[in-house]
Amino acid sequence: MSVAKKGDWVQVHQIVLKPEDRAPQVPDDTKAVPLELWVKGYAQHEAKIGGTVEIETVTGRKVKGELLEVNPKYVHSFGEFVPELLKIDAQLKEILYGGENNE
Amino acid sequence: MSRDLSYSAVMGRKNEIMKKAIGIDYSVFESGGIAFDYERMMREAGYTLDEIQTIQSDVSVGNTPIIELKNLTALARKLAPKGKGARIFIKDEACNPSGSFKARRAANAVYHAKKHGYKGVVAATSGNYGAAVASQAAMHGLKCIIVQECYDSRMIGQPEILEKQRACEALGAEVVQLSVGPELFYTFLCLLEDTGYFNASLYTPFGIAGVETLGYELAMQFREKLGKDPDKVVVTHAGGGNVTGTARGLIKAGAEHVEVVGASVDLSGLHMASDKAFNKKSFTTGHTGFGLPFATWPDRADVPRNAARPLRYLDRYVLVRQGEVFYITEALAVLEGLERGPAGNTSLTAAFSLAQEMDEEQVIVVQETEYTGAGKHPMPQLSFAKQNGIEVSFGNPAEEVPGQSIVFPSHPSMIKARDFDLNKAKLSYIKNCVNNNKLTEINKTDIEFLAKETKADERFVYEALKELGVSIK
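Protein chains in written order, with this note's numbering: chain A, 8 to 110; chain B, 72 to 544.
These are calculated hints, taken from the structure and not from any lab test.
Incorrect hints may have been included.
Derived lysine-lysine pairs resembling DSSO-like cross-links, with alpha carbons at most 30 Å apart [what the hints assert, rightly or not]:
hint: 1; chain 1: B; residue 1: Lys190; chain 2: A; residue 2: Lys71
hint: 2; chain 1: A; residue 1: Lys94; chain 2: B; residue 2: Lys351
hint: 3; chain 1: A; residue 1: Lys94; chain 2: B; residue 2: Lys153
hint: 4; chain 1: B; residue 1: Lys351; chain 2: A; residue 2: Lys80
hint: 5; chain 1: B; residue 1: Lys190; chain 2: A; residue 2: Lys13
hint: 6; chain 1: B; residue 1: Lys457; chain 2: A; residue 2: Lys94
hint: 7; chain 1: A; residue 1: Lys71; chain 2: A; residue 2: Lys25
hint: 8; chain 1: A; residue 1: Lys71; chain 2: B; residue 2: Lys347
hint: 9; chain 1: B; residue 1: Lys296; chain 2: A; residue 2: Lys100
hint: 10; chain 1: A; residue 1: Lys69; chain 2: B; residue 2: Lys186
hint: 11; chain 1: B; residue 1: Lys190; chain 2: A; residue 2: Lys69
hint: 12; chain 1: B; residue 1: Lys457; chain 2: A; residue 2: Lys100
hint: 13; chain 1: B; residue 1: Lys502; chain 2: B; residue 2: Lys523
hint: 14; chain 1: B; residue 1: Lys457; chain 2: A; residue 2: Lys80
hint: 15; chain 1: A; residue 1: Lys69; chain 2: A; residue 2: Lys25
hint: 16; chain 1: A; residue 1: Lys38; chain 2: B; residue 2: Lys509
hint: 17; chain 1: B; residue 1: Lys91; chain 2: A; residue 2: Lys71
hint: 18; chain 1: A; residue 1: Lys71; chain 2: B; residue 2: Lys214
hint: 19; chain 1: B; residue 1: Lys185; chain 2: A; residue 2: Lys69
hint: 20; chain 1: B; residue 1: Lys495; chain 2: B; residue 2: Lys347
hint: 21; chain 1: B; residue 1: Lys351; chain 2: A; residue 2: Lys38
hint: 22; chain 1: B; residue 1: Lys351; chain 2: A; residue 2: Lys25
hint: 23; chain 1: B; residue 1: Lys515; chain 2: B; residue 2: Lys544
hint: 24; chain 1: B; residue 1: Lys153; chain 2: B; residue 2: Lys299
hint: 25; chain 1: B; residue 1: Lys155; chain 2: B; residue 2: Lys141
hint: 26; chain 1: B; residue 1: Lys155; chain 2: A; residue 2: Lys100
hint: 27; chain 1: A; residue 1: Lys25; chain 2: B; residue 2: Lys90
hint: 28; chain 1: B; residue 1: Lys141; chain 2: A; residue 2: Lys94
hint: 29; chain 1: B; residue 1: Lys296; chain 2: B; residue 2: Lys155
hint: 30; chain 1: A; residue 1: Lys69; chain 2: B; residue 2: Lys85
hint: 31; chain 1: B; residue 1: Lys323; chain 2: B; residue 2: Lys296
hint: 32; chain 1: A; residue 1: Lys100; chain 2: B; residue 2: Lys153
hint: 33; chain 1: B; residue 1: Lys85; chain 2: A; residue 2: Lys71
hint: 34; chain 1: B; residue 1: Lys526; chain 2: B; residue 2: Lys537
Let's have the full structure, built from the sequences with the hints guiding it.
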């Protein structure tokens, strides 16, 4: 979906501090990039992805930012299967229950 | 609307914003020098143990069960010298409404906010505390904003933090996410000023007092179950509140002889404010990147005087490796039938090793667990590590290099709680105190204070100050 309608649940993005405005104590790799912010809320008007939109968050705050996504989904999961964990499980059971030779 | 929102202007209004957002006048506890009256602050700005028990039980927080890990104990005994291998227990803090011990801190903070008429609460946290505050705010009908450091500059988020975002939103909170950097504090101050909400800081006297019930309950439960106090309590150490609150609760139960051991994951070499290093770590808390800075300078927190002061209470501090914690997380699941963690499993890893130094009739307790699931489980953490170029292998965990490798022990006998010299941390605290206050001379009150702060004798403090060229008034 490339357009958000008024009332859609969306995620917006802002640059809070440009690289040159970052705090003096941050390491160089962090100082090379801006401080960015993301927050979700209801679009207050129609807007295109990549355009500016005003949202109202669930606490009622009004925030303006770049429209990233409509109905943003959660992307974390259980990841790829990690077979090393099976090896650990088998070893633990073998040591604890595997008989006299394993004592 | 005429407020200056530039970085320097907002940071310049820090004290004024905080005073409104916390409602504590910290200056009344100051004595003029570097010392302040910590116990008076805890007494007058906090709540009594009785009050906290009532506040927490009203929202179904606390009174979590104690579980004996019999199979893990049996495994430790197989690896230990004859007659060694203490009984290992955990306190199942995952049973709290938000799935971790942080509900105890949040219960007090949100109760306090409600009582004082605040309409909402704001907390800066990427950890379980966010969901805890969101959960408590939901119970009390307050609005809630959680500010979390979440993404690197590629908008890649640590899966564990993404799960915490989901949990907060599921509980009705607004989540403001930021890229890496300490300037999160600027956004946090802007939000406090803009909303007039309460700062549900992790480090207020009532937040820390919220954890005292954990230590107190634990002592009472062991007296009931075994007729005695445990010998050691192992606490995952990050910001210091868990150690401080638990130890204070043990003391209030008259169990001051119980050894309090802090445990952190060793992430030495990784810079915590680095955009590139941010996603190279598999543990988002309970690690040395918080553990050491907060122990050696607690007042770096978001309140003028941090109520979490771990060096006052730690008897021993041990470090474990990422690969070892993953291994023990598996052991907890397949040997004990409990899917928990990651946080409490750091101290469980340490306890598994420490139990092997102790006699069989002794008791060691891990005082927390946390809920697990998508993002938090070892599977997403390890696949995320692999995607970020971390080499995952079996071998000697002592050879693990944070940010480069995760080494599972090729045998559980290789799991070791490695002692971190607490005197080093204490000297570092004294040095930070001298440098941050630009001290050239110091008085008797300050010396007594430093001795208390470091759980050391005054001679230790004198010697340290002499080394630093500070004279005594």
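Hint-by-hint comparison with the structure:
1. Annotation: proposed proximity of Lys190/B to Lys71/A holds, straight-line Cα distance about 23 Å (limit 30 Å).
2. Taken as a hint, the Lys94/A and Lys351/B pair is honoured in the structure, with Cα atoms around 24 Å apart against an allowance of 30 Å.
3. At roughly 28 Å between alpha-carbon atoms, Lys94/A and Lys153/B fall within 30 Å of each other, so this suggested pair holds.
4. A C-alpha spacing of about 24 Å is found between Lys351/B and Lys80/A, which places the hinted pair at or below 30 Å, so the restraint holds.
5. Between Lys190/B and Lys13/A the alpha-carbon distance is near 27 Å, which keeps this suggested pair within the 30 Å criterion.
6. Our distance criterion of 30 Å between C-alpha atoms is met by Lys457/B and Lys94/A, whose separation comes to about 17 Å.
7. Under the criterion of a C-alpha separation no larger than 30 Å, the hint pairing Lys71/A with Lys25/A is consistent with the structure, at around 17 Å.
8. For a cut-off of 30 Å, the pair hint linking Lys71/A to Lys347/B stands: about 28 Å separates their Cα positions.
9. A hinted pair counts as satisfied when its Cα atoms are at most 30 Å apart, and Lys296/B with Lys100/A qualifies at roughly 29 Å.
10. Restraint check for Lys69/A and Lys186/B: satisfied, since their Cα atoms lie roughly 27 Å apart, inside the 30 Å limit.
11. With a C-alpha separation of about 17 Å, the suggested pair Lys190/B and Lys69/A falls inside the 30 Å cut-off, and the hint holds.
12. Restraint check: the Cα-Cα separation between Lys457/B and Lys100/A comes to about 26 Å, which is no more than 30 Å; the hinted pair holds.
13. Among the hinted pairs, Lys502/B with Lys523/B is consistent with the structure: their alpha-carbon atoms are about 15 Å apart, no more than 30 Å.
14. A threshold of 30 Å between alpha carbons decides the hint, and for Lys457/B with Lys80/A the separation of about 23 Å falls inside it, so the pair holds.
15. A threshold of 30 Å between alpha carbons decides the hint, and for Lys69/A with Lys25/A the separation of about 22 Å falls inside it, so the pair holds.
16. A hinted pair counts as satisfied when its Cα atoms are at most 30 Å apart, and Lys38/A with Lys509/B qualifies at roughly 28 Å.
17. Under the criterion of a C-alpha separation no larger than 30 Å, the hint pairing Lys91/B with Lys71/A is consistent with the structure, at around 26 Å.
18. For the hint pairing Lys71/A with Lys214/B, the CA-to-CA distance comes to about 20 Å; that is within 30 Å, so the pair holds.
19. Restraint check for Lys185/B and Lys69/A: satisfied, since their Cα atoms lie roughly 24 Å apart, inside the 30 Å limit.
20. Restraint check for Lys495/B and Lys347/B: the C-alpha separation of about 29 Å stays at or below 30 Å, so the hint holds.
21. Pair hint Lys351/B plus Lys38/A holds up; C-alpha atoms about 18 Å apart against a cutoff of 30 Å.
22. Among the hinted pairs, Lys351/B with Lys25/A is consistent with the structure: their alpha-carbon atoms are about 24 Å apart, no more than 30 Å.
23. At roughly 7 Å between alpha-carbon atoms, Lys515/B and Lys544/B fall within 30 Å of each other, so this suggested pair holds.
24. Proximity of Lys153/B to Lys299/B is assessed by CA-CA distance (about 24 Å); at most 30 Å being required, the pair is judged to hold.
25. The straight-line distance between the Cα atoms of Lys155/B and Lys141/B is roughly 14 Å, inside the 30 Å bound, and the hint therefore holds.
26. Pair hint Lys155/B plus Lys100/A holds up; C-alpha atoms about 21 Å apart against a cutoff of 30 Å.
27. The suggested pairing of Lys25/A with Lys90/B holds, with an alpha-carbon distance near 29 Å, which does not exceed 30 Å.
28. For the given pair, Lys141/B sits about 22 Å from Lys94/A by alpha-carbon distance, which is consistent with the 30 Å threshold.
29. For the suggested pair Lys296/B and Lys155/B, the alpha carbons sit about 22 Å apart, so the restraint of at most 30 Å is met.
30. Between Lys69/A and Lys85/B the alpha-carbon distance is near 23 Å, which keeps this suggested pair within the 30 Å criterion.
31. Between Lys323/B and Lys296/B, the direct Cα distance comes to roughly 19 Å. Compliance with the 30 Å bound is thereby established for this hinted pair.
32. Between Lys100/A and Lys153/B the CA atoms are separated by roughly 21 Å; this keeps the pair inside 30 Å, and the hint holds.
33. Taken as a hint, the Lys85/B and Lys71/A pair is honoured in the structure, with Cα atoms around 24 Å apart against an allowance of 30 Å.
34. As the CA atoms of Lys526/B and Lys537/B are separated by approximately 18 Å, the hinted pair is consistent with the 30 Å bound.
Violated hints for the displayed structure: none, as all numbered hints are satisfied.
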